[in-house]
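Peer 1: The lines below spell out each chain.
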Amino acid sequence: MAGTKQNGTAKLAANGQNGYKVIGTRPVRPDGVDKVTGRAVYAADVQMTGLLHGFVLRSPHAHAHIRSIDTSKAEALPGVRAVVTADDLPEAEDKVEDLGEGAINLKYLSDNVLASEKVLYHGHAVAAVAAVNPHIAEEAAGLIEVDYELLPPVMTVDDALADDAPILLGTLRTDSMGEVGTEPSNLASVFSHQRGDLDAGFAGAHLVVDRTFRTETVHQGYIEPHAATALHSADGQITIWTSTQGSFAVRGQVCEILKVPVSRLKVVPTEIGGGFGGKINVYVEPVAVILSEKAGHEPVKVVMSRADVLAATGPTSGSNIRVKIGVDTDGKISAALAELYYEAGAYPGSPVGAAANVSLAPYAIDNLQVDGYDIVVNRPRSAAYRAPGGTNVAFAVESVVDELAEKLSMDPAEFRILNGAKENDRRPDGLQYARIGHIETVEAIRDSEHYQTPLEGKYRGRGIASGYWNNWGGQSSATAVLNPDGTVNLNEASTDIGGTRASIAMQLAEAMDIEYEQVMARVVDTDTVSYNDVTGGSRTTFATGLAAYNLGQQLLQEMKNRLADQWEVEAGDVSYEDGTFSAGGESLPFVKAAGLVQREEPLMASSTVHPQDFGPGFSTQCIDIEVDPDTGKITVLRYTIAQDVGKAIHPSYVEGQMQGGVAQGIGWAINEEYIYDDEGHLLNASLLDYRMPTALDLPMIETIMVEVPHPAHPYGVRGVGEVNIVPPAGAVANAVYQATGVRMDKLPISPANLLEAMWAQEAEAELVPGDD
Amino acid sequence: MAKKIAVETTINGEETVFLCEPRQTLLEALRDNLGMIGSKEGCGNGNCGACNVILDGVLVNSCLVLAPEIEGRSIVTIEGIAEGGALHPLQQKFLEHASLQCGICTPGFIVSAKALLDDNSAPSEHDVRLWLAGNLCRCTGYDKIVRAVLDVAENDA
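Chains A and B, in that order, are what the protein sequence lines are.
Sequential numbering from 673 applies to the first sequence in the numbering used here.
Sequential numbering from 6 applies to the second sequence in the numbering used here.
Check the hints yourself; a few may be wrong.
[Claimed, not checked] Below, a list of computed lysine-lysine pairs in the DSSO-like style, where the Cα atoms sit at most 27 Å apart:
(1) LYS9(B) / LYS745(A)
(2) LYS779(A) / LYS790(A)
(3) LYS790(A) / LYS8(B)
(4) LYS767(A) / LYS779(A)
Quick caveat, the hints were computed from the structure, so don't treat them as lab data.
Chain A on its own, in the form it takes in the complex:
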C-alpha cells in the first residue's frame, strides 16, 4: 500500500553517502523548535510600543478612472492617525528597473501599491488608514469616498486582443522583438524562438496533433497573508519588518517607490509563512512607511486579509496555448510549434518568457517555433509562482505528447525516452544543455514499482508527464565567525522558507569537516551582509550553499596560515584531515585550533557569489486516479515523482519540495481557479471557495530522488524547489483520458468541467449511427 512506503528513506544511508559526513543526513533545522512551539515570529506577529494598525481600501471595480478621493470623514474619526492615497507617494518615473524580480516599470510598480489615475482590478489598493486598532482603521476606510468613472472590464486574452478592446494602460506600446509599436495596446510584448525548417518538419511528418488549451488564473496560496510593520523615524531612518522572499528586493523596491537613500532603509525579515514566488513584489510595505511618517513617526502594522491576498496579490497567469507536434513513423518528433498567450494581469510581466523555455525543453527537436505574447487584463498584477509559467504550458505539451504516443501505440515513457533531451541538446531559445538528468527521471518512473504494477478498475486511469525548469544562480552574500570554542556562526540573508538554514549550514560543516551542530545559521537583515537575491529560482541551497562552502574553505585556510606561523612552517605544509591540523610533528584537533589561532586576532570570513552555471532540473511523474462518473470528482489513488536533484543535501527537505510542488500542481489541475463575474468582480476570494488540496484529497506522495551531480557545484547541488510543479497538470489530464476517454483541453479539470466534457463525449457517441 502506498501509504506505508517510506519515501525512499530506506535507500539512503543514515550517515550521508559518497564519503560525506554531513551531506545526505537529516538533521533538525535550527529554527525548528520555535516553529513547533509557536514562538517563531512571523510578519503579523511583530509587536512594539505605540504600534498603530493600518487598513487598505480597495477598489470594488475591475476597471475605472478615479475622479476624486475624499478622505475628510475618515480623518475625522476618533482614533485615526493618518490617511494616505497615491498623492502621498513621490511622482513615479516612467522607467524600467530590475529590482530583484525581473524588470518592472517604476510607474507601474508605484501604481500597483496605490492607484493614481485608474484602478485596474477588483481589489486594487486606492487608499490606506492608520489607527489605534485595526477595527477603527477598517471603519475609517469605509468612510473614504472615491468617485469612480466605470470602464468596461477586459478579463481574458480574447477580450484584450479584440479590435475594439478598451485600453488598460494609455502609455503601453507593443514591444515586438525590440521594435516598439506606435499605438496604445493591451499586447505588451511578443517574441518568437525559431530553429530548423518548421514547414518541412510538419510536411514530412507521419502524424501531427494540433490542439488548443485554456488554463485559469491560480494563486500561490501561502497560508500567511502579507503583512508589514514600518517605522519611519523622525530622523528619516526607516525600518521595515516583513515576511518576504527577498529582504533586499523589498529594500530596492521601497527605495525606488519612496525615493529614499538605500542606507536609510533597513529591512528586517521575519519568519515567512510561505511564498512560492508571491512574496517578492511589495504591496503593503511602502504603504506602512508613508502611514508611519504621516502618523507622527509611530510604527504602523498592515496585515492583509485573506480576501485581499486573493484579490490583490499573487496570482499567476491564465493562458491560451496552442501546441502542434509532428512525428515520423519511428515516433521521432519532426517538428513542434507552441503559441503561448499569457495574461499578465494589470501590468506587463507575465511569465511567458520562462514558459517558452519550459515548453518543449524535455525534448530534442530540430525544427521548432515557440511564440510568446504578454497581455494585460483587468486582473491583479501577476507574480512569480513556482516555476513561473511552466505548469500551464507543460499541461498543453504533455497532453499532446501523450496523444501522439497513444496514436503511435507507443508506451508514453518510451516515447519520452526516444525523444528525450540530453547533454548538448538545446532548449527552445537555443541554450545548450550541459549534463542533465531528464532521461534518467523517465527511466526511473518507467522502472518504478508503481509504473510496473498494472492499474485495474473502471474509471481508473494512469498518466505520466515530464517537466523542465531553468533554475537560477543569483547573488548571495554570507559571513561566518569562528568562535574560540570551535563553533561557527553563519550569517546569511536568504529567506528560509523550507529548511535552508539547515541545508546551508550543512554545506559549511561539510566543507570544514565539523559537526552540523557546530554551525548555527541565522537569516540576517539588509544592514548585516551585502546584497542577496531572493529565495526563488530554486537557487538558495545551490548559491547560498556555495557561499557557505567558500566560507568554510576560507576559514580553514586562515587557520592553516596562523598555525603555520605558530609552528614556524610554511602554510602549504599544514594539512587538515579527519578534523585535525598537522605539520612537522605538530598536530592539533579543530576545536583546540579554533581557540589557539584567535589568541591575537579574531577570525571571520565573508563570501559573495554570483554563479552563472546553475543547471536546470527535470522531473517525471506518474499518477493513478479514479473518476466518479456521477460527479466528475477525481480521486488521486497514487503518485510517484522522479526528479533529478543533483545531490540532495538534506534529503527530507528535498522530498518535501517534491511533495509540496506536486500538491500545488494537483490543486491547479483539479480545483483551483479564479472565478470572475461579467463585471470583473472576483467571486471566490476565500479559502472555502478557492479550493486548495487538503490532507484528505491526497495520498502519500512517493519520491524517487535521481542524483545526477551538477558539475558546477562542489557538492553537485541542483535547484530542486520548482520543477516538481511543472508536470502534475499534464499527468492528471493524461490519467483522466485513460479513465474516461476524454482529453481535457482546459484547467482546472474540476468536477463541473470534467462532467461537462464526459457528457459532451457521450452525446457525440450517441450521434454516431449504428453505434450503441
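Please build the complex by placing chain B on the supplied structure of chain A, with the hints as guidance.
Peer 2: For chain B alone, coordinates are given in the frame of chain A:
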C-alpha cells in the same frame, strides 16, 4: 471605542483575566491582548485551521469564537502543548520528520493532531487525513505531517 469587558478564563491550565472588546475574536484577543502569537490567522473565517485551539476538550477555530465566549471555560493553545519544558511527542516528531517547511500552519496542525490523539490513540491514515482536512498546509503536500502523527500514535499505542 467600544467599552472593554473582563473575561475570566483558564488558558493552558493557568487562571487568567483579560480585557477585550466584545467584537474581538478569541484569536485576536490571544494575539493582540495577551501576546500569545502562536495561534496564526491564515484566513479569518474558519477555513485554514492555523488558529485552532482546544476549548473544553473540543477543537475550534479561534477566529470563529468571540473572546467573551471563553468566560469560565478552559482553552489549550499551541503554547500549552509542550509538557513541562519538554517538547510534546507531536512536536518532536514534526521536527524529526521535517513535517514543516514554512511553519505557519504548524501550530494549528499540532493542536489539531493533539485533539485527535486525545480522542483516538490509534487512528488510521484515513482517520488522520479526515481529521486534519480542516487544516491547510501549502508547503508539504501533507505526506510528512501525516507520517509524524501516525508515528506518535504508533509509539503511544
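Peer 1: Okay, which hints does this one fail, numbers in order?
Peer 2: Those not satisfied come down to hint 3.
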